[in-house]
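Here the structure of chain A is known, so what remains is to put chain B in place on it, guided by the hints.
Sequence lines, in order, name chains A and B. In the numbering used here, each number is its position in the first sequence, counted from 1, plus 2. In the numbering used here, each number is its position in the second sequence, counted from 1, plus 8.
Derived from the structure by calculation, the hints contain no laboratory data. Model, not experiment: these values are computed from the prediction.
Result set (DMTMM-like, lysine to aspartate or glutamate): computed pairs, CA atoms no more than 25 Å apart in a straight line:
#1 B/Lys73 with A/Asp125
#2 B/Lys41 with A/Glu23
#3 B/Lys335 with B/Asp371
#4 B/Lys73 with A/Glu136
#5 B/Lys73 with A/Asp113
#6 B/Lys438 with B/Glu388
#7 B/Lys41 with B/Glu196
#8 B/Lys73 with A/Glu59
#9 A/Lys207 with B/Glu182
#10 B/Lys73 with A/Glu147
#11 B/Lys73 with A/Asp130
#12 B/Lys438 with B/Glu310
#13 B/Lys301 with B/Glu312
#14 B/Lys73 with A/Glu217
#15 B/Lys463 with B/Asp245
#16 B/Lys438 with B/Glu325
#17 B/Lys255 with B/Asp461
#18 B/Lys463 with B/Glu388
#19 B/Lys290 with B/Glu310
Chain B regions said to be covered by chain A (calculated; three or more residues, Cβ under 8 Å):
#20 60–70
#21 78–86
#22 124–138
#23 165–173
All C-beta atoms in this analysis are idealised placements derived from N, C-alpha and C, irrespective of residue type, glycine included.
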Amino acid sequence: MGYLLGMRSGPSGGRIRLAWERVRGSLLPTAAIGIWFLGVAIGVGALQRYKSSPAPEQVPPSVWPTASQLPRVADKPTLVLVAHPRCPCTRATLHELSVLMARAGARVTADVLFVRPTGVATDWEKTDLWRSAEAIPGVNVRSDEGGHEAALFHAVASGQIVLFNTAGREIFAGGITGSRGHEGDNPGLTRILTLLSNGNAESAKAPVFGCALSESRDLDKKGALARLIDDGSSRSEGRP
Amino acid sequence: MTDTNGPNATAHAAAVSRRATQLFEEHRSSVYKRADRLFARLMVAQWLFGIALAFAYSPYAWAGKQASLHVHVYAALFLGGAISSLPIVLTLRRPGSPTTRYVNAIAQVLWSALLIHLTGGRIETHFHVFGSLAFLAFYRDWRVLLVATMVVACDHLLRGIMWPESVYGIANPEWWRFLEHAWWVLFEDTILIFGMADSIREMRAIAVRQAEVEALSERLAHSEQEKSRSLDVALSDLQRSHLVVLKTEKLAALGQLAATIGHELRNPFAAVRNAASYVSRKLTGSAAPLDPKVQEFLSIIERELAVSGKIIADLLEFAREREPQLKPCPLLPLVDEAVGLVNAGRVRIDNQVPRDMPVPSLDRDQFRQVLINLIQNAVEAIPSSATNGQVIIRGELSGASGVRVSVTDNGPGIPHEASTRIFEPMFTTKTKGTGLGLAIVANMVRAHRGSIDVKSAPGNGATFIIDLPAAIPTELA
Chain A
3 MGYLLGMRSG PSGGRIRLAW ERVRGSLLPT AAIGIWFLGV AIGVGALQRY
53 KSSPAPEQVP PSVWPTASQL PRVADKPTLV LVAHPRCPCT RATLHELSVL
103 MARAGARVTA DVLFVRPTGV ATDWEKTDLW RSAEAIPGVN VRSDEGGHEA
153 ALFHAVASGQ IVLFNTAGRE IFAGGITGSR GHEGDNPGLT RILTLLSNGN
203 AESAKAPVFG CALSESRDLD KKGALARLID DGSSRSEGRP
Chain B
9 MTDTNGPNAT AHAAAVSRRA TQLFEEHRSS VYKRADRLFA RLMVAQWLFG
59 IALAFAYSPY AWAGKQASLH VHVYAALFLG GAISSLPIVL TLRRPGSPTT
109 RYVNAIAQVL WSALLIHLTG GRIETHFHVF GSLAFLAFYR DWRVLLVATM
159 VVACDHLLRG IMWPESVYGI ANPEWWRFLE HAWWVLFEDT ILIFGMADSI
209 REMRAIAVRQ AEVEALSERL AHSEQEKSRS LDVALSDLQR SHLVVLKTEK
259 LAALGQLAAT IGHELRNPFA AVRNAASYVS RKLTGSAAPL DPKVQEFLSI
309 IERELAVSGK IIADLLEFAR EREPQLKPCP LLPLVDEAVG LVNAGRVRID
359 NQVPRDMPVP SLDRDQFRQV LINLIQNAVE AIPSSATNGQ VIIRGELSGA
409 SGVRVSVTDN GPGIPHEAST RIFEPMFTTK TKGTGLGLAI VANMVRAHRG
459 SIDVKSAPGN GATFIIDLPA AIPTELA
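One chain only, chain B, in its complex shape:
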């Protein structure tokens, strides 16, 4: 729908009007130039015709039996050449200019006069004047006709004064006789000017229509571009969705594999751990001094069993697909609880969740695991040598009453290449990590219909941001 009122419509109409004026002027200029070229050719043709006419009609003047070239021949050659010269030069040098048009008008009327002379004043040649006016009307400029008419009137006025018999056939014509001759020229002028006015009106109408068509085409092209852009965006979204689906399928397969491995390893692992515990107790409980080498190997077995247990636990946690059971869960104590379960070492952990923060609905166990994993990850990101390591947990309301939880550390930050893959399972930058901690976090956040992102600049720590949507019901604490 086009807005037919208001400032947009006014601006559109003004733009169309400006373009229409421009198109009209361009059209008129092309008409002028085309008519100039026509007259340049006509000037050459009339010159050649005049010369041919002089040679055919009055080649010689006679005195008895002696002949000499007739004055008409000289007039056709030189006067005709002079009349035609300037219009041709102006057409070549200044096509479309008013000067060229007016000179063409003067020259064309002069050619009428010369041809009338060359044909001995034949009445038929006088029609050349009227034909010339019709040709001059090609300019569609009434001023051109006015110039031509003035030249005709001046010619008759001057010749009527100086050689009245040659014009009127009597020696003492009335002073207004030149007007009688000019009247018929004016009569034709009037008709031609009406015709030209119609033609100009049509040119203006064509220009307006063309401007409107151009404006419409532009709007359509713009609309097509918008559609094309929308299609590109949709296609891009589709490709992204496709990648997500592929990734999800891959994760699902990985989860299945993890579940199988974890499940199959859990029982043998429990047996190995029990056996190792038994052997350790027996060896350390005996009176005989224990070989230091044995003691060292027992420690290795115990440590590696703990690591393996953690891996199996992570695999099982990652593979577990449990829908979150959402219940109102105050965030501040949940963060405190998670902090209490993390081995922070020398790193200071600061819970900055506001006390008056609205209570979100969360799956308490899952979100505690999320917080533990994120805080543990942040603590482990800070080098053990650092003396001012700090992790800050914040909570706040986000847009449309959603909840934002962030965990920030002041470690060395995450390289850009790693930040794009950091939530993929089995991806880790740590030497001892399983690569499942953040993947588990991402899974659980997605299960809460939230999103997680990481912002990091190398050397300036990292911040993990969880946004939980407003769809998660909240209530004031």
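The shape of chain A in the complex, shown without the other chains:
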């Protein structure tokens, strides 16, 4: 405040210059650093918030959808992963899937469905993610033309996993990354490994982090698709 008083009392340009030098010498840098730190912290926070925002939660089919063209073996639980072939976030999901298969590959059958939207070029879905999935031992990689299978499994975001037990009943639905496109320990992977090791029959969930499988906003909400799925599910109820 000294410099302000100095300016008010009036006086010479020298005192004003001195006050300005003090402001420029100490207050301005401190303020600049504070603003910088606040701005960067907000930016990092926003990025973290984005990466920690899961896709809208979906109600999975309670039993294996009969309309599905996927084969299901009766002696092992079946894991279905629905993925967008170009979603960079799914790279982390495939990494976690490889971890899962390395730890419990003998106790589960895994299918990875890469959604292929209608009207895209040939082999549009044959990306590096496809090749990564193919490289995981024990994983069957398939193309899902038009997202038909994805709809049957109520998947709206890349990285959605639905795990069915040997009876064809859903025991887990969700993702296996801790945040969007982030490798590392996560609740979904831990729950699946627990289910596969102790055979717990209780259904478990985990958030899904990934790109939308369809450009239709309806897919993000429990709208027409969900109703369609519900209808399909109800038709397939009791027919594992």
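Showing chain B alone in chain A's frame:
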């Protein structure tokens, strides 16, 4: 030999210590500035790398077959640019300041966080944190590591509270889990801080050594200057001695010439003087009246013969090289005797030699001649028109029991140009002088192993000072 004790040694040690501290601070400042520049370049490189990584690794976010730029691209461009901006500005504007270091530490840790995000949390990218700590250790300032570690701990603490799954993989981690993550950072900090402490110790040791070397160099340079000065003095003395030798040789040649001339002229001169005396007696003794013109010429002959006789006598005296025969010789009566032989005219001559003055050993004849010449010179220096002309002769003991004799007049003084040559033979400022009187004085004083000097200010008379060394034995009268 260096004095290892006492106040000089203490002052020297304090000066070396001060210089060592100054050198250490300069070195540390240069380390800070160098590290600042390194981080400024690193900030630019990380920004470019982050942008390239975002475009290569996650260029688009997809919704079905529709693509849009991924948030990572925006984050790399804008958030990365923001993180790098302030460190670069501070490095340019305030290199070496603590603020710049701490901001660099914060920014570097933030870059680790951003790169971890951009690479999808790959475990390999987490090593960036440890690499960053190693880079920050370039500052050799433990506070920088502390700031970086605090940012890491705060990041984990806040994210552990707000988004625990993203950090720990579980929804409800224990409160201390952030410490578990920070532990490895602290572990590396500890190792780096030990390394930095060693480095600082080495820097201090280097500064002390450099300060000691500088002090030694300074002493050597000072010693060299002393030697150079001594050599200059010796050279100057040698040149002076050489000039003295040349002068002495010249004087010797002149003395030889004077002796020859004096000797050769003495006999013809005696014959001429006898003849002139005879003619004068005959002419003045005759009854016939003498032509006034003849009378005048006889006077001229007589006067000029006297002058010529004086010149010949001076030449012979100057040329005579006789070692002084030193005997105790009271100064007071010797001065009285010399005064009695000088034609003083209207000038008052005052002998102020103390009666109780110790008796020096002198060659009586030579020193009387010295006194006569000096007193005569002083009398002749005073204009004949002066009514208060005075010459004072003093005697006193000088340093180390030597004897000083001085002759002072109140004449018009000696011009500075003349005073430097006044003891040279054949140099005179008088119209009728031979220029040998003072040269004879100087020769005789030198023969007594003494020295003679003149002090004069124009208009305030002159004083001739003779210093005879203590080597001339003295005894009390």
